[in-house]
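Undergrad: Okay, here's what each chain looks like letter by letter:
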Amino acid sequence: MGEAFAAVLPANAWNWAAVWRRNYLAWKKVALASILGSLADPMISLFGLGTGLGIMIGRVEGTSYIAFLAAGMVATSAMVASTFETIYAAFSRMHDRRTWEAILYTRLTLGDILLGELAWAATRALLAGAAIAFVAAVLGYAAWPSVLYALPVIALTGLAFASLAMIVAALAPSYDYFVFYQTLVTTPMMFLSGAFFPLTQLPGALQQVGRFLPLAHSIDLIRPAMLDRPADGIALHIGALCIYAVLPFFISTALFRRRLMR
Amino acid sequence: MSKAAIEFTGVKKSFRNKFVVNEVSFTVASGECFGLLGPNGAGKSTIARMVLGMTRPDAGKITVLGEPMPERGRLARKGIGVVPQFDNLELDFTVRENLLVFGRYFGMSTRSIEAIIPSLLEFSRLESKADARVADLSGGMKRRLTLARALINDPQLLVMDEPTTGLDPHARHLIWERLRFLLARGKTIILTTHFMEEAERLCDRLCVLDHGRNIAEGSPHTLIEEHIGCQVIEIFGGNPQELSSLIRPYVQRIEVSGETLFCYAPDPEQVRVQLRGRADLRYLQRPPNLEDVFLRLTGLELEK
Ligand SMILES: Nc1ncnc2c1ncn2[C@@H]1O[C@H](COP(=O)(O)OP(=O)(O)OP(=O)(O)O)[C@@H](O)[C@H]1O
Ligand SMILES: [Mg+2]
Numbered sequence: 001m002g003e004a005f006a007a008v009l010p011a012n013a014w015n016w017a018a019v020w021r022r023n024y025l026a027w028k029k030v031a032l033a034s035i036l037g038s039l040a041d042p043m044i045s046l047f048g049l050g051t052g053l054g055i056m057i058g059r060v061e062g063t064s065y066i067a068f069l070a071a072g073m074v075a076t077s078a079m080v081a082s083t084f085e086t087i088y089a090a091f092s093r094m095h096d097r098r099t100w101e102a103i104l105y106t107r108l109t110l111g112d113i114l115l116g117e118l119a120w121a122a123t124r125a126l127l128a129g130a131a132i133a134f135v136a137a138v139l140g141y142a143a144w145p146s147v148l149y150a151l152p153v154i155a156l157t158g159l160a161f162a163s164l165a166m167i168v169a170a171l172a173p174s175y176d177y178f179v180f181y182q183t184l185v186t187t188p189m190m191f192l193s194g195a196f197f198p199l200t201q202l203p204g205a206l207q208q209v210g211r212f213l214p215l216a217h218s219i220d221l222i223r224p225a226m227l228d229r230p231a232d233g234i235a236l237h238i239g240a241l242c243i244y245a246v247l248p249f250f251i252s253t254a255l256f257r258r259r260l261m262r
Numbered sequence: 001m002s003k004a005a006i007e008f009t010g011v012k013k014s015f016r017n018k019f020v021v022n023e024v025s026f027t028v029a030s031g032e033c034f035g036l037l038g039p040n041g042a043g044k045s046t047i048a049r050m051v052l053g054m055t056r057p058d059a060g061k062i063t064v065l066g067e068p069m070p071e072r073g074r075l076a077r078k079g080i081g082v083v084p085q086f087d088n089l090e091l092d093f094t095v096r097e098n099l100l101v102f103g104r105y106f107g108m109s110t111r112s113i114e115a116i117i118p119s120l121l122e123f124s125r126l127e128s129k130a131d132a133r134v135a136d137l138s139g140g141m142k143r144r145l146t147l148a149r150a151l152i153n154d155p156q157l158l159v160m161d162e163p164t165t166g167l168d169p170h171a172r173h174l175i176w177e178r179l180r181f182l183l184a185r186g187k188t189i190i191l192t193t194h195f196m197e198e199a200e201r202l203c204d205r206l207c208v209l210d211h212g213r214n215i216a217e218g219s220p221h222t223l224i225e226e227h228i229g230c231q232v233i234e235i236f237g238g239n240p241q242e243l244s245s246l247i248r249p250y251v252q253r254i255e256v257s258g259e260t261l262f263c264y265a266p267d268p269e270q271v272r273v274q275l276r277g278r279a280d281l282r283y284l285q286r287p288p289n290l291e292d293v294f295l296r297l298t299g300l301e302l303e304k
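If you read the sequences in order, they're chains X and W.
Its first residue numbered 1, the first sequence is counted upward by one per residue in this note's numbering.
Its first residue numbered 1, the second sequence is counted upward by one per residue in this note's numbering.
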């Protein structure tokens with residue numbers, strides 16, 4: 001059993017890149033539509049909510065509401081982009097397109113494939129998050145150059161959420177199940193992680209829950225970077241995101257082994 | 001040198017407590033074309049997947065290219081090319097991109113893949129389609145591209161699961177011709193099929209599978225000689241019961257399949273005498289083939 005599991009883990013540190021490049025090639029063909037699509041939604045929310053609510057709310061935590069919200073939007077769109085890429089796009093490559101099956105004929109292992117898919121989803125998250133951060137910086141809602149510190153955090157956020165979503169993809173019999181993950185996990189997480197309003201607005205118990213959520217850790221790193229403020233507990237937040245990225249990877253590898261290599 | 005390319009010893013595999021592969025043993029020598037012949041659900045694809053190390057047997061031992069499977073599958077797969085039962089090409093990519101992306105999964109550099117793409121395209125007769133999207137190719141072209149893709153790592157062993165199912169006769173003959181070319185160059189092929197003709201034309205040896213069991217093994221010629229060994233007369237149009245009592249004294253054996261009577265006749269002339277003047281009947285005499293062997297062994301008719 002142990003030996004069999006070891007055989008599906010990544011074979012080396014670079015095999016996954018072939019899977020990443022495959023996804024990049026596919027993405028390049030539709031890049032423009034993809035970029036516009038993944039930008040439009042968060043931008044509309046940012047300006048719609050930011051200006052509309054901003055008038056009523058005034059300042060939040062010592063900054064304009066739109067600048068406060070921008071950091072939440074960056075983290076949230078990284079979460080959404082990598083979750084979506086994993087449960088829809090990667091799932092279709094595993095399930096109906098049989099792309100993974102073809103890759104398993106080669107010297108790549110299941111672990112290599114999963115790593116490549118996670119790295120790709122993190123790339124998509126980085127693109128989506130960085131685009132918003134960039135627009136926010138240009139419009140003066142984020143500080144330059146400290147906003148650059150947000151970039152590695154956006155990528156790590158993408159990796160963590162892709163890794164979590166991969167467990168869902170491994171368990172779901174069909175696409176119909178993903179909506180549960182989105183409505184029951186990722187959407188509530190936005191409200192419990194301080195994306196749209198400070199966590200202190202929540203009842204104490206919910207604040208405690210928020211402490212453990214990956215999105216909250218991500219926002220606690222991204223917001224100070226974008227507002228050029230000192231951040232607390234950087235190592236803790238990064239460590240938590242790393243755990244969310246690494247542990248689920250082994251779980252989904254084991255689940256996919258059972259599913260695909262029976 | 002004819003070291004074994006594949007060895008199966010007492011291999012069993014069950015799904016939901018039902019044996020899909022049951023005590024199967026066979027050996028495929030290097031350079032030969034070995035067929036797994038059987039009807040739908042016989043376990044052909046499951047055996048093919050076990051050869052690739054993608055399914056773990058419940059019992060038994062599997063060695064492929066000298067490596068124990070599935071433990072050392074990764075090593076063995078470096079020397080294997082695969083044509084799966086269902087195409088899994090990249091539909092949104094061009095023919096060339098499909099080869100490029102697949103070569104990278106073997107760790108090949110872009111340059112070395114691009115260097116061999118022309119010869120793969122030539123082999124698969126897809127030179128003019130290099131930049132066509134796969135989604136726009138015909139079924140036969142897709143199959144040939146899958147074959148080209150399987151050759152990208154210059155494998156010693158090709159595993160082909162129903163390489164010509166669903167193709168028209170012309171496309172099928174083209175694939176057969178390409179496979180013979182590969183055999184002539186010393187490749188080992190294991191292929192599954194439910195086409196008798198395919199097995200007879202290509203395979204040096206084959207095993208007949210039924211419900212996961214290996215029920216006969218040998219060269220097509222030996223199997224036909226051993227199990228049939230005489231001319232076959234197929235009669236249709238009449239009442240099978242009535243006909244079989246009329247003809248039984250003159251033949252070795254009779255099988256009824258649907259409305260067709262298969263008569264195994266060491267002396268066909270005697271049968272034809274009986275049928276003379278029966279305008280309601282149509283019949284044809286032919287040499288025995290693998291289909292007769294299969295019918296004999298299982299009581300089942302394979303698809304034509
Ligand atoms: N992953 C699986 N889970 C459950 N049952 C399976 C699985 N794979 C195969 N089977 C069952 O095992 C049996 C043999 O399947 P297999 O695909 O090996 O047959 P085959 O000879 O390739 O048939 P076909 O000609 O239809 O391709 C079938 O009854 C099939 O339903
Ligand atoms: Mg099959």
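Hints are computed from structural coordinates only; laboratory data are not their basis.
It cannot be assumed that every hint is accurate.
As a list, the in silico DSS-like pairs of lysine-lysine whose alpha-carbon atoms are at most 25 angstroms apart [as the list claims (entries may be wrong)]:
id	chain 1	residue 1	chain 2	residue 2
1	W	K3	W	K61
2	W	K78	W	K61
3	W	K18	W	K61
4	X	K28	W	K78
5	W	K129	W	K61
6	X	K29	W	K61
Undergrad: Next step is simple, just say for each hint if it's right about the structure.
TA: These are the hints, each one checked on the structure:
1. W/K3 / W/K61: holds (17 angstroms)
2. W/K78 / W/K61: Holds, because 20 angstroms separates the two Cα atoms, which is no more than 25 angstroms.
3. W/K18 / W/K61: Roughly 20 angstroms separates the two Cα atoms, so the pair holds.
4. X/K28 / W/K78: violated (29 angstroms)
5. W/K129 / W/K61: Distance ~43 angstroms between W/K129 and W/K61 Cα, so the pair is violated.
6. X/K29 / W/K61: violated (46 angstroms)
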